[in-house]
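Q: Chain by chain, the residues:
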Amino acid sequence: MSKRLAASFTKAKKENRGVLGIFVSAGDPDTNTSIKILDSLVKSGVDMIELGMPFSDPMADGPAIQAASLRALKSGMNLKGSLEIASQFRKKHPHTPLILMGYYNPIYRYGVELFLRDSQAAGADGLIIVDLPPEEDAELCDLNQKSELDFIRLITPTTLGDRLPFVLEKASGFIYYVSIAGITGTKSAQMESISSAINRIKQVSDLPVVTGFGIRTAEQAAHIASLGDGAIVGSAVVEIIAESNAQNLTAEKTSEKVSDYTKSLADAISTHKPQ
Amino acid sequence: MNEIKQNSFKTMPDENGRFGIHGGRFVAETLMPLILKVESAYNEVKTDPDFNAEVLYYQKHYVGRPSPLYFAEHLTKKYGGAKLYLKRDELNHTGAHKINNVLGQALLAKKMGKTKIIAETGAGQHGVATATACALFNLECEVFMGAEDVKRQKPNVDRMRLLGATVHPVTSGTSTLKDAMNEALRYWVAHPDTHFYIIGTVAGPHPYPEMVRNFQSVIGKEAKEQLFEAEGRLPDALIACIGGGSNALGLFYPFLDNTDVTIFGVEAAGQGLDSGMHAASLTGGKPGVLHGNRTYLLQNDDGQIVDAHSISAGLDYPGIGPEHSWLHDVGRVNYVSATDEEALVQFQLCSRLEGIIPALEPSHALAFAAKQLPLMDKEQIVILNMCGRGDKDLETVLPKLDERGLL
Numbered sequence: 001m002s003k004r005l006a007a008s009f010t011k012a013k014k015e016n017r018g019v020l021g022i023f024v025s026a027g028d029p030d031t032n033t034s035i036k037i038l039d040s041l042v043k044s045g046v047d048m049i050e051l052g053m054p055f056s057d058p059m060a061d062g063p064a065i066q067a068a069s070l071r072a073l074k075s076g077m078n079l080k081g082s083l084e085i086a087s088q089f090r091k092k093h094p095h096t097p098l099i100l101m102g103y104y105n106p107i108y109r110y111g112v113e114l115f116l117r118d119s120q121a122a123g124a125d126g127l128i129i130v131d132l133p134p135e136e137d138a139e140l141c142d143l144n145q146k147s148e149l150d151f152i153r154l155i156t157p158t159t160l161g162d163r164l165p166f167v168l169e170k171a172s173g174f175i176y177y178v179s180i181a182g183i184t185g186t187k188s189a190q191m192e193s194i195s196s197a198i199n200r201i202k203q204v205s206d207l208p209v210v211t212g213f214g215i216r217t218a219e220q221a222a223h224i225a226s227l228g229d230g231a232i233v234g235s236a237v238v239e240i241i242a243e244s245n246a247q248n249l250t251a252e253k254t255s256e257k258v259s260d261y262t263k264s265l266a267d268a269i270s271t272h273k274p275q
Numbered sequence: 001m002n003e004i005k006q007n008s009f010k011t012m013p014d015e016n017g018r019f020g021i022h023g024g025r026f027v028a029e030t031l032m033p034l035i036l037k038v039e040s041a042y043n044e045v046k047t048d049p050d051f052n053a054e055v056l057y058y059q060k061h062y063v064g065r066p067s068p069l070y071f072a073e074h075l076t077k078k079y080g081g082a083k084l085y086l087k088r089d090e091l092n093h094t095g096a097h098k099i100n101n102v103l104g105q106a107l108l109a110k111k112m113g114k115t116k117i118i119a120e121t122g123a124g125q126h127g128v129a130t131a132t133a134c135a136l137f138n139l140e141c142e143v144f145m146g147a148e149d150v151k152r153q154k155p156n157v158d159r160m161r162l163l164g165a166t167v168h169p170v171t172s173g174t175s176t177l178k179d180a181m182n183e184a185l186r187y188w189v190a191h192p193d194t195h196f197y198i199i200g201t202v203a204g205p206h207p208y209p210e211m212v213r214n215f216q217s218v219i220g221k222e223a224k225e226q227l228f229e230a231e232g233r234l235p236d237a238l239i240a241c242i243g244g245g246s247n248a249l250g251l252f253y254p255f256l257d258n259t260d261v262t263i264f265g266v267e268a269a270g271q272g273l274d275s276g277m278h279a280a281s282l283t284g285g286k287p288g289v290l291h292g293n294r295t296y297l298l299q300n301d302d303g304q305i306v307d308a309h310s311i312s313a314g315l316d317y318p319g320i321g322p323e324h325s326w327l328h329d330v331g332r333v334n335y336v337s338a339t340d341e342e343a344l345v346q347f348q349l350c351s352r353l354e355g356i357i358p359a360l361e362p363s364h365a366l367a368f369a370a371k372q373l374p375l376m377d378k379e380q381i382v383i384l385n386m387c388g389r390g391d392k393d394l395e396t397v398l399p400k401l402d403e404r405g406l407l
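Residue numbers (this note's numbering), protein chains in the order written: chain E, 1 to 275; chain P, 1 to 407.
To be clear, the hints were calculated from the coordinates, so they are not data collected in a lab. Check before you lean on any hint, since a few could be wrong.
[What the hints assert, rightly or not] Distance condition first, Cα-Cα at most 25 angstroms in a straight line; then the derived DMTMM-like pairs of lysine to aspartate or glutamate:
id, chain 1, residue 1, chain 2, residue 2
1, E, K74, P, D301
2, E, K187, P, D302
3, E, K170, P, E44
4, P, K37, E, D162
5, P, K286, E, D137
6, P, K286, E, E113
7, P, K37, E, E135
8, P, K400, P, E148
9, E, K80, P, D302
10, P, K10, P, E44
[Said to hold, decoys possible] Computed, partial: chain P to chain E, Cβ under 8 angstroms:
id, residue
11, R25
12, A28
13, V189
14, V289
[What the hints assert, rightly or not] Derived coverage of chain E by chain P (criterion: at least 3 residues anywhere in the stretch with Cβ under 8 angstroms from a Cβ of chain P; other residues may be distant):
id, segment
15, 70 to 80
16, 98 to 112
17, 124 to 138
18, 152 to 159
Quantities reported herein were computed from a predicted structural model and do not represent experimental measurements. Quick reminder that beta carbons are idealized off the backbone N, C-alpha and C, glycines included.
Let the hints inform the model, and build the full structure from the sequences given.
A: Right, here's the structure in full:
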């Protein structure tokens, strides 16, 4: 596991709470605002950043994150720009883990080897590549063996059967449990089903399990984080950015709105202790 | 790279769904268990005589197969070279080749115990074919169609509704076919237990490219037999248009190992390959990953997918089936292109000379035939896949023909 991720999970454990991960799309709605938002996330108590590298056709994402991707692309963001944002973030925030999340095509075009080198150089800690399942990941994972980038696996409710050990084979960093059958930002899962899924995963793997998809309220985040090792919130954050952008708010005002929300999540998680 | 001589062009895909570097299963984990289930179900029925007999039954009695192989005497004379035969798949029930594949997949869905069907559609031909099969087999049908296309193709939307399908206008992304496919996949992921996704072309994650090709191969099998009956020999060349490429692969596949048969796939060059406004993924694209497979894609340097442009909604797709990409790489099929303008001219010409109103899609194939046939001997024979009829295109085509004084 990357040192920063390990430290982050250890710290949360010491404080008897789960980690809070926040997703935003790089360059949404523009580079300047995006960087300010990232700064404000760290200040608000977020443990881990999931930075989306925008793609024109995000198959696993709901309307909110699709729109975020398109806003970013429209403002001129690309893979290189996403890595530059990551790199700037790392200079200012040496301890907060940064996960790069994206789809394979821009990486494939950029060059897999070059991408692995540049994302490490930018200070990323892990990768989530949505459309590179275990059946297809050799062309990236074989090149990633030497690097310290964690390859984070998504586990879904439909993966929990016989397929689970196979999917977890090359997993590192943590396991991202997708709590619903569906796309980001839509329905929410039942707590009991999340709890039993996490227990099932823990039987097979020692890695921390962080849950995402469909988490909106501070209460949900706190409850879900307490069931495993953390929670990731994306669409709800991105919607605040969309709204601020529609109202032409300044970068400062936008990042303030975002961090008001993420602080409420962080506060709820730190007071809601795991059972 | 291709030093190893190909013994057969019909051994693909491999067990991982690869056609060379193309194909595969590049999907989110949420989708993976679903396509693995489709794969194992398809593998079970692929060689099952009962299943295949059922498909054949509907092809014969419902679709009207075999479709005729017609010697187009007047176009042959006009083009002035090789003899042109048209494989008349526009005479199928619902007016295009799409139904061949849809019936097979709908029967598979039934066999898997699914009660609801999802489909994507561009111009609406695949949507109509799917709605038709769902009416026939009493399945619920949900069709995803770009909001722009819903407006442009109202008659097909009406047909789908009449047949009992629900049409979901897709407003995400650029509101076109690629977005309709994204949305259909998203919907499927959210309804894994009840729904089956019927993909309309030889693209998408494995096993779709193989499965759709096999269901469409009936076109080439029939054409081969019919030409033997008419002429006692193989054709010298095959021509078909290509969007995703299902009609083309349906015709080509049974001939792939007859290496004396020259094969031409015709992509849509839109307003010209240099204009940037085209849908020629092989000629103008680069390998990439979209909709679950690696294949040639229209994309920018950052790997963002670029919109395709063609007068024909059925060819208006920024990708192409992975088997075509492979056949392009190994050089078995020659991929060429025809512009909007060239297709329009043939649309009118074929209507006037043969009394067959071709769809805009096969009009692209005709446009290439018009250039290729004169270069060939009079004794030579070409089969062209007339994969759809043109009624659906009249609204698009008539004003343009009027402008050009062709009416």
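Q: Hint by hint, say whether it matches the structure.
A: Now for the hints, and whether the structure bears them out:
no., hint, verdict
1, E:K74 - P:D301, "holds (15 angstroms)"
2, E:K187 - P:D302, "violated (32 angstroms)"
3, E:K170 - P:E44, "violated (30 angstroms)"
4, P:K37 - E:D162, "holds (13 angstroms)"
5, P:K286 - E:D137, "holds (20 angstroms)"
6, P:K286 - E:E113, "holds (18 angstroms)"
7, P:K37 - E:E135, "holds (15 angstroms)"
8, P:K400 - P:E148, "holds (20 angstroms)"
9, E:K80 - P:D302, "holds (8 angstroms)"
10, P:K10 - P:E44, "holds (20 angstroms)"
11, R25, "holds (5 angstroms)"
12, A28, "holds (4 angstroms)"
13, V189, "holds (6 angstroms)"
14, V289, "holds (5 angstroms)"
15, 70 to 80, "holds (count 5)"
16, 98 to 112, "holds (count 8)"
17, 124 to 138, "holds (count 6)"
18, 152 to 159, "holds (count 6)"
In summary, the numbered hints that this structure violates are 2, 3.
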